[in-house]
Amino acid sequence: KAGVTQTPRYLIKTRGQQVTLSCSPISGHRSVSWYQQTPGQGLQFLFEYFSETQRNKGNFPGRFSGRQFSNSRSEMNVSTLELGDSALYLCASSLVAGANTEAFFGQGTRLTVV
Amino acid sequence: AQSVTQLDSQVPVFEEAPVELRCNYSSSVSVYLFWYVQYPNQGLQLLLKYLSGSTLVESINGFEAEFNKSQTSFHLRKPSVHISDTAEYFCAVSREGQGFSFIFGKGTRLLVKP
Chain A
1 KAGVTQTPRY
11 LIKTRGQQVT
21 LSCSPISGHR
31 SVSWYQQTPG
41 QGLQFLFEYF
51 SETQRNKGNF
61 PGRFSGRQFS
71 NSRSEMNVST
81 LELGDSALYL
91 CASSLVAGAN
101 TEAFFGQGTR
111 LTVV
Chain B
1001 AQSVTQLDSQ
1011 VPVFEEAPVE
1021 LRCNYSSSVS
1031 VYLFWYVQYP
1041 NQGLQLLLKY
1051 LSGSTLVESI
1061 NGFEAEFNKS
1071 QTSFHLRKPS
1081 VHISDTAEYF
1091 CAVSREGQGF
1101 SFIFGKGTRL
1111 LVKP
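For the record, the sequence lines run as chains A and B.
Using this note's numbering, the first residue of the first sequence is number 1, and each one after it goes up by one.
Using this note's numbering, the first residue of the second sequence is number 1001, and each one after it goes up by one.
Since the hints were made in silico from the structure, they are not lab data.
Do not take every clue at face value.
[Said to hold, decoys possible] In silico lysine-lysine, DSSO-like type, Cα no more than 30 angstroms apart, as pairs: (1) A:Lys57 x A:Lys13; (2) B:Lys1113 x B:Lys1049; (3) A:Lys13 x B:Lys1106; (4) A:Lys57 x B:Lys1106; (5) B:Lys1069 x B:Lys1106; (6) A:Lys57 x B:Lys1069; (7) B:Lys1049 x B:Lys1106; (8) B:Lys1069 x B:Lys1049; (9) B:Lys1049 x A:Lys57.
The structure displayed is predicted, hence computed values, not measured ones.
Can you build the whole structure from these sequences, using the hints too?
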């Protein structure tokens, strides 16, 4: 079956702009999480959605937001982009929403802010 | 607060030699433990996980990890590495009550030399 699909794979934006990233989870998976990966900070949790509800949120400013649709697809939005937002953004999906759940990651969207 | 420490940022090793990648965690409650692997320009792939039961868990490609509750460790081992094992390895924990989210270590780059 198809894996987690993230689009686009690469993105270049200018400081101050806003960006929307998309994630399509594995069919049947209802939990979607987002992570930011940078060389300095490593992998950091952004937020998690389950059945269209944000259940958990990491320590990021309000410029970072997300949503989940009824088909479980998710989008994350970053407004007023800063140079420090340059990162690989990873989406993960899982069948259920417990902590003892295996997560499947997409290949990520590499965002470069110039 | 939870944290995950991967003690080595890079581990160089010759092909067919054994390797151990170290991971320690801190948490006041029970956790679930995972090792993920990331190849260049790819997302994360689950290598193995400890949820409950036997403290020694194995992957299909020869890696194993042992959960040691008293030492709060989950070290990853392989008795004989291949060139193709060259990648970044991440240790992660999740726990109940936090929905579905991981706390990741900073990663260990395994470099297998011929």
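Against the structure, the hints:
1. A:Lys57 x A:Lys13: The hint holds at about 25 angstroms.
2. B:Lys1113 x B:Lys1049: holds, 27 angstroms
3. A:Lys13 x B:Lys1106: holds, 27 angstroms
4. A:Lys57 x B:Lys1106: holds, 20 angstroms
5. B:Lys1069 x B:Lys1106: OK: Lys1069 (chain B) and Lys1106 (chain B) at ~21 angstroms, within 30 angstroms.
6. A:Lys57 x B:Lys1069: holds, 28 angstroms
7. B:Lys1049 x B:Lys1106: This hinted pair holds, its Cα atoms lying about 18 angstroms apart.
8. B:Lys1069 x B:Lys1049: OK: Lys1069 (chain B) and Lys1049 (chain B) at ~15 angstroms, within 30 angstroms.
9. B:Lys1049 x A:Lys57: The given pair, whose Cα atoms are some 23 angstroms apart, holds under the 30 angstroms limit.
In this structure, none of the earlier numbered hints is contradicted; all agree with it.
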